[in-house]
Each structure stands twice: as C-alpha cells, then as structure tokens.
Amino acid sequence: MVDIMSFLVDDWVFIFILFSAITYGFYQFAKTDSDVSSATKKPYACGNSINPDNEKVPSQAFYKTIVSVFRMGVIKKMHKDNLSTFVLWMFFGLVFVSVYLLVFG
Amino acid sequence: MIASFRKFFEVFKMAYLNIIVPVLLAAVFLITITSGRHRHHHLMIATGGVCLSAIFLLLDLPLLISDKIIVYYQLGWMPPLGISFAVDFLNYMVCILLVLVAVASLVISKTEIHEDKREFYALFMLLLLGLFGAAMTGDIFNLFVFFEILSIASYALVSYTGQKKAIASSIKYLIMGSFSTSLILLGIVFIYGSLGTLNMADIASKVAVSSTAATIVGFGLLISGFMFKAAIAPFHAWKPSVIRYAPLSLGLMFTATGTIIGLYTIFRLVVTVGNLNISGLLIALSFLTMVLGAVLALQTQNLKKLLAYSAISQTGYVLLGIGLYGYTGAVYHMVNLVIIDILLFIVAYVVIRHFGTSNLDKMGGLGFGNPILFVSSLVGAVALAGLPMSNGFSSKLLIYISGIEVFPIATFVAMIVSVLTLAYSFKMINMIFLSNRKDAGVVKIDYDLKVVMVILVILCIVLGVFQGYFTGLMGIISGSGLDREFYIKAVLGII
Chain E
1 MVDIMSFLVD DWVFIFILFS AITYGFYQFA KTDSDVSSAT KKPYACGNSI NPDNEKVPSQ
61 AFYKTIVSVF RMGVIKKMHK DNLSTFVLWM FFGLVFVSVY LLVFG
Chain X
1 MIASFRKFFE VFKMAYLNII VPVLLAAVFL ITITSGRHRH HHLMIATGGV CLSAIFLLLD
61 LPLLISDKII VYYQLGWMPP LGISFAVDFL NYMVCILLVL VAVASLVISK TEIHEDKREF
121 YALFMLLLLG LFGAAMTGDI FNLFVFFEIL SIASYALVSY TGQKKAIASS IKYLIMGSFS
181 TSLILLGIVF IYGSLGTLNM ADIASKVAVS STAATIVGFG LLISGFMFKA AIAPFHAWKP
241 SVIRYAPLSL GLMFTATGTI IGLYTIFRLV VTVGNLNISG LLIALSFLTM VLGAVLALQT
301 QNLKKLLAYS AISQTGYVLL GIGLYGYTGA VYHMVNLVII DILLFIVAYV VIRHFGTSNL
361 DKMGGLGFGN PILFVSSLVG AVALAGLPMS NGFSSKLLIY ISGIEVFPIA TFVAMIVSVL
421 TLAYSFKMIN MIFLSNRKDA GVVKIDYDLK VVMVILVILC IVLGVFQGYF TGLMGIISGS
481 GLDREFYIKA VLGII
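For the protein sequence lines, the chains are E and X, in the order given.
For the first sequence, my numbering assigns the number 1 to the initial residue and increments by one for each residue that follows.
For the second sequence, my numbering assigns the number 1 to the initial residue and increments by one for each residue that follows.
There could be a bad hint or two in this list.
[Unchecked claim] Below 30 Å or equal to it, Euclidean Cα-Cα: the simulated BS3-like pairs (lysine-lysine) are:
id: 1; chain 1: X; residue 1: 110; chain 2: E; residue 2: 76
id: 2; chain 1: E; residue 1: 80; chain 2: X; residue 2: 172
id: 3; chain 1: X; residue 1: 362; chain 2: E; residue 2: 76
id: 4; chain 1: X; residue 1: 444; chain 2: X; residue 2: 172
id: 5; chain 1: X; residue 1: 165; chain 2: X; residue 2: 444
id: 6; chain 1: E; residue 1: 64; chain 2: E; residue 2: 80
id: 7; chain 1: X; residue 1: 489; chain 2: X; residue 2: 165
id: 8; chain 1: X; residue 1: 164; chain 2: E; residue 2: 80
id: 9; chain 1: X; residue 1: 362; chain 2: E; residue 2: 80
id: 10; chain 1: X; residue 1: 110; chain 2: X; residue 2: 172
id: 11; chain 1: X; residue 1: 172; chain 2: X; residue 2: 68
id: 12; chain 1: X; residue 1: 164; chain 2: E; residue 2: 76
id: 13; chain 1: X; residue 1: 489; chain 2: X; residue 2: 110
id: 14; chain 1: X; residue 1: 444; chain 2: E; residue 2: 80
id: 15; chain 1: X; residue 1: 165; chain 2: E; residue 2: 64
id: 16; chain 1: X; residue 1: 68; chain 2: E; residue 2: 77
id: 17; chain 1: E; residue 1: 77; chain 2: X; residue 2: 172
id: 18; chain 1: X; residue 1: 68; chain 2: E; residue 2: 76
id: 19; chain 1: E; residue 1: 64; chain 2: X; residue 2: 362
id: 20; chain 1: X; residue 1: 165; chain 2: X; residue 2: 110
id: 21; chain 1: X; residue 1: 489; chain 2: X; residue 2: 362
id: 22; chain 1: X; residue 1: 206; chain 2: E; residue 2: 77
id: 23; chain 1: X; residue 1: 68; chain 2: X; residue 2: 165
id: 24; chain 1: X; residue 1: 110; chain 2: X; residue 2: 450
id: 25; chain 1: X; residue 1: 68; chain 2: X; residue 2: 444
id: 26; chain 1: X; residue 1: 164; chain 2: E; residue 2: 77
[Stated by the list, open to error] Some chain E residues judged to face chain X by a derived CB distance under 8 Å, without partners named:
id: 27; residue: 22
id: 28; residue: 24
id: 29; residue: 26
id: 30; residue: 30
id: 31; residue: 63
id: 32; residue: 68
id: 33; residue: 72
id: 34; residue: 75
id: 35; residue: 81
id: 36; residue: 89
id: 37; residue: 90
id: 38; residue: 92
id: 39; residue: 97
id: 40; residue: 98
Keep in mind the hints are simulated off the structure, nothing from the lab.
In this text, a Cβ means the ideal position worked out from N, Cα and C, and glycines have one as well.
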C-alpha cells in the first residue's frame, strides 16, 4: 500500500490524474448550466444549417493551409510510385552515408 | 513427458533457441506437402510453428537470465571459423516481438486470405525463418543469407494477390531490395577484406586495432543496406508502395518486422560490433525520417499509406534515440512501436473490410456505435502521438531527455514532429469515425481480433502508466547490447 502511494505521489501520473479529475469537474459544472436543446445541436455554417449530405469534409481539406504555406506538396510529388525516383533517393542516401563515414568516421 | 523432452535436449547440450529455425523450416515443408484438400490445416500448422518457437524461446529464458548470453556453435566449430548463434537480452526481445507480430498477422490472415493458402503460409513461414535467423546469428555472412531468405519471401508475398498493381509493386520492391542486398554483400566483402573475419564478435575485437578506410566503407555499405530494410529516409520510398497493394496481414508483417529487424541490425552493427561514432549521421537521418514520414502521412488520403508513413516517421524516433546515446529510450520506443503498429493495423483491417476501400474520403460515420473499435483507434492515436498516460509518451520522454542532455535541437525537432503526428492521427480518427454524420452501422469484428485489440489497448496503457518499472527492464535489455567486452569474450569462448 505504501509502495503504491509513494509511486502515485512521486510520479507524474498522480498529477495527471488530479488535473484530469479537476477538468472533469469543471466540465460537469459547465454542462449543468448550459441550455442543450435539439436546435443548438443542429450544425450551422455561417448561420445556415448544413444538408447532412454535405457534412463530409474531404481529407485534403485538413491542414491544406499548412501544406500549401510550407510547400509540403513538393515532398508528395517526390513520392509518386516511380521506380527511378525511388532509386534516386537510395543513391543520394548511399552517397550521404559514405561521405559522412569517410570524412567523420 | 516435458521432463524427458528437456532431458533429451540437455543431453545433446542444445539450446532451444537453435531449434527455432528448423521448426519453422519443418512448418514450411508440412504446409507445402499438404494437399489442397486440407487447406484449413495450413493456418493451424503455421500457428503451431510460431507457438512452438515461442515455447522454445520461453524455455531458454532461465538459461539466458543466468548466463546473460546463449551462444550456440554450429556442429561444435568455434568462431571465427565456425558459424555461431549468439542471443543476449537484446535479440531475445527482438525474437519475442517477432512472435507477437507473427501471431497478430496470422489472426488477421484467418479471414483475409481466402485462396492459395498453402503458398501464402509457406512463404509466410519462410519470411519468419529469415527474420529469426537474422535476429539470432552472430555472423555477418549468415546475416546476409537470412536477409536474402526473408527478402525473397517478401517479394513473392507482395505479389500474392495477383493484381497488376501488386505485381508491379513487387517488381519495384525486388529491384530496390536487390540494390540494398548488393550493398550489404559489398559491405561484407570490404569488412572481410580488411579484417579477415565474418564473425561479429571477432570483427568487434579486431576493429579497434586493424580498422582501415575499407572497414569504414564496409560498415557504411552495410548500414545503408539495413537502413533500406528499416525504411529509414532516404531509403524509405518502397514501404508505402508495397503496403498499399499487399493484404493488411502482410502490411503489418512488413511494417513491424522490417522496423524491428532493420533497427536491431543497425544497433548491433553500430554499437556492439563497430563501436562507430556516427551519432551525427544517425541524428541527421532521423530528422529526415521523422519529418518526411509525418508530412507525407498528413497529406495522404489512403489509410494503408498513412500507416506506412506513420511507421517510417516513428522509426526515426528510434534512430534518434540511438544517435543521442539514449539506448533505453530507443529500445523502449521500438517495443511500443510494435504494439501500436499491431493495434492500428488491426483497426485498419476491420475498417477497410467494412467500407471495402482504404480511401479515407469514402469512410466516416462509425461514430460511437463501435466502442471497442473507437477506443482502440483513440488509444493507438494517443500512443502514436506520445500523449501522457500512453506507452508512446514513456519512450518519447526518455528520447527527449537524452536530446536535452546531448543535443537540445533534437528534442525540439522531435516535439514538433509529435505535433504533426497528433495532427495526422486525429485526421485518421476524424475521417473514420466522426466526419460523416450518417450512421455507417455497426462494424462486425471477429472475436479473436477483439481479444487482441483489448489486450493491446491494456498494454499501451500499462506500459505508459508504469513507466518506471519498464524503463528499468528496457535499460537491462539495451545494456546487454552495449557490453562489447562481454559479448566478444562470450562468443569467442574466452569466458
């Protein structure tokens, strides 16, 4: 019993459980005061309700901005199912490893 | 009965580990000679082979604990002339992980593989044989031979479905794989030419005094070849292409075992055998691997490819751990990675079977009607991202701490990649369970898959919560790979 208590007190797990419990308490407290009706549950987009058929968001839409801002699309283009590109990747890898080992090895 | 069985092997002074390879080979023969009328026996024989291997592994544990290493000399010939199997805690753990992955793959294959089971299971057992041999051998040429066995079985298995795209993918894999095995062979030639030996312990004893530029080039070629197997960038491109067109049971097998065996071999060659100071190279490649994997996983719409890219990204963490001398964290993360991979591949199998596609855009709406599936996915995603209370957090924390001590920028990069991991894993959860309000129904999950999923979820949480206990265990395992002097003396028969 003492071992278990010392484990809980010494470890971050105890703090995590404590804060989780506090957060849950806040959640329960907030939930009781809020007015949840069927109308508030209805999804809105700029004030208009959405047709259930249009609720699905394509996966490309996720993080599209991040992908375009950081030009991550370039990396995707380099990973098309093209054998010569694959071998080129390997060749660069081999050169990098060999040069590193010969210089610093 | 068991006592007489034990006595039989004790009389012949045979370590049980040594009979794993013949057992798997026997399973291959049994499966191959069984006629088509007994198709249902093939899975049973394959599972039996894996279970026997697991039993032999467990029987050897007391000997391993007492001796710290088990060395078996083939036909009694001592190294450097003879061929040896050397198993310490590190490759023993690798063997246990291989058994876990094989069992999970066989469970998935039960409903996934419908026709030509004989060929499938025979190749599967050959693949496993190559993996076990590569994990246990103490000789670099035998390492090459076992890698060839597993590679050839893999090429055939990728094209197993017979679809055009699968065959094309298999041919690409064959070409790239041949390139990598050529590098390994060339590396062996350089090392043998410069040191005059193929035994790992003998190489380790000679490398400090007789090492030349040829030895270093040899190690460079060997490491490059094994990086291909582990799918470490820039040798990673084959993995998503192969996994996309292979059945999920094989996808799991290639992803998890490739990572385990590739990383283990790199660890053994860099740390135990070569004692190479290449942390800069490993850190640079781990950055590339982590970032590329995470960025590509973020962009893909295909669930299978997402899991492949995710595995690539997580492999980078293990490599980072090795590069930062945080071996305990690296080994811990390798174990966690296997557990998470198995869990997510089972979820993917169930989901793909339900929707009939691996395209995330065509999924959705499973909602909260499938509690076991949802909780498994959530725990898998949380563990993958390394959130607290999960096993991923425990191992990543150790790697972060190593980074702060050695190279703080590494910790910063690793934490940024963790955020990207969180993004793509929750994209996956959202697309499968939440994105479509239409109810997609209740997913039918086989009982055995449910049991495996529940066990894995518990493991993810237990390994995360009781971090202190497992860190100690992983420290012992990684420590056995670090003790060069002991390894050399034990294998060469000096102690």
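Taking the hints in turn, this is what the structure says about them:
1. 110(X) to 76(E): Roughly 35 Å separates the two Cα atoms, so the pair is violated.
2. 80(E) to 172(X): Cα-Cα ~13 Å, so holds.
3. 362(X) to 76(E): holds (21 Å)
4. 444(X) to 172(X): Not OK: residue 444(X) and residue 172(X) at ~35 Å, beyond 30 Å, violated.
5. 165(X) to 444(X): This hinted pair holds, its Cα atoms lying about 29 Å apart.
6. 64(E) to 80(E): The given pair, whose Cα atoms are some 19 Å apart, holds under the 30 Å limit.
7. 489(X) to 165(X): The given pair, whose Cα atoms are some 50 Å apart, is violated under the 30 Å limit.
8. 164(X) to 80(E): holds (17 Å)
9. 362(X) to 80(E): Distance ~22 Å between residue 362(X) and residue 80(E) Cα, so the pair holds.
10. 110(X) to 172(X): Distance ~28 Å between residue 110(X) and residue 172(X) Cα, so the pair holds.
11. 172(X) to 68(X): Violated, because 42 Å separates the two Cα atoms, which is more than 30 Å.
12. 164(X) to 76(E): holds (23 Å)
13. 489(X) to 110(X): violated (45 Å)
14. 444(X) to 80(E): violated (34 Å)
15. 165(X) to 64(E): holds (29 Å)
16. 68(X) to 77(E): violated (49 Å)
17. 77(E) to 172(X): Holds, because 18 Å separates the two Cα atoms, which is no more than 30 Å.
18. 68(X) to 76(E): Status violated; Cα separation ~46 Å.
19. 64(E) to 362(X): Holds. Residue 64(E) to residue 362(X) sits at ~18 Å (cutoff 30 Å).
20. 165(X) to 110(X): holds (24 Å)
21. 489(X) to 362(X): violated (59 Å)
22. 206(X) to 77(E): Status violated; Cα separation ~46 Å.
23. 68(X) to 165(X): violated (47 Å)
24. 110(X) to 450(X): holds (14 Å)
25. 68(X) to 444(X): Violated - the C-alpha atoms of residue 444(X) and residue 68(X) are around 46 Å apart, more than 30 Å.
26. 164(X) to 77(E): holds (23 Å)
27. 22: At about 15 Å, which exceeds the 8 Å cut-off, the nearest Cβ of chain X leaves the hint on residue 22(E) violated.
28. 24: violated (14 Å)
29. 26: Given a least distance of 19 Å, the restraint on residue 26(E) is violated.
30. 30: violated (21 Å)
31. 63: holds (6 Å)
32. 68: violated (11 Å)
33. 72: holds (5 Å)
34. 75: Holds: closest Cβ of chain X sits about 6 Å from residue 75(E), inside 8 Å.
35. 81: Where the cut-off is 8 Å and the nearest Cβ of chain X is about 5 Å from residue 81(E), the hint holds.
36. 89: With Cβ-Cβ at 4 Å, under 8 Å, it holds.
37. 90: holds (5 Å)
38. 92: holds (5 Å)
39. 97: holds (5 Å)
40. 98: holds (5 Å)
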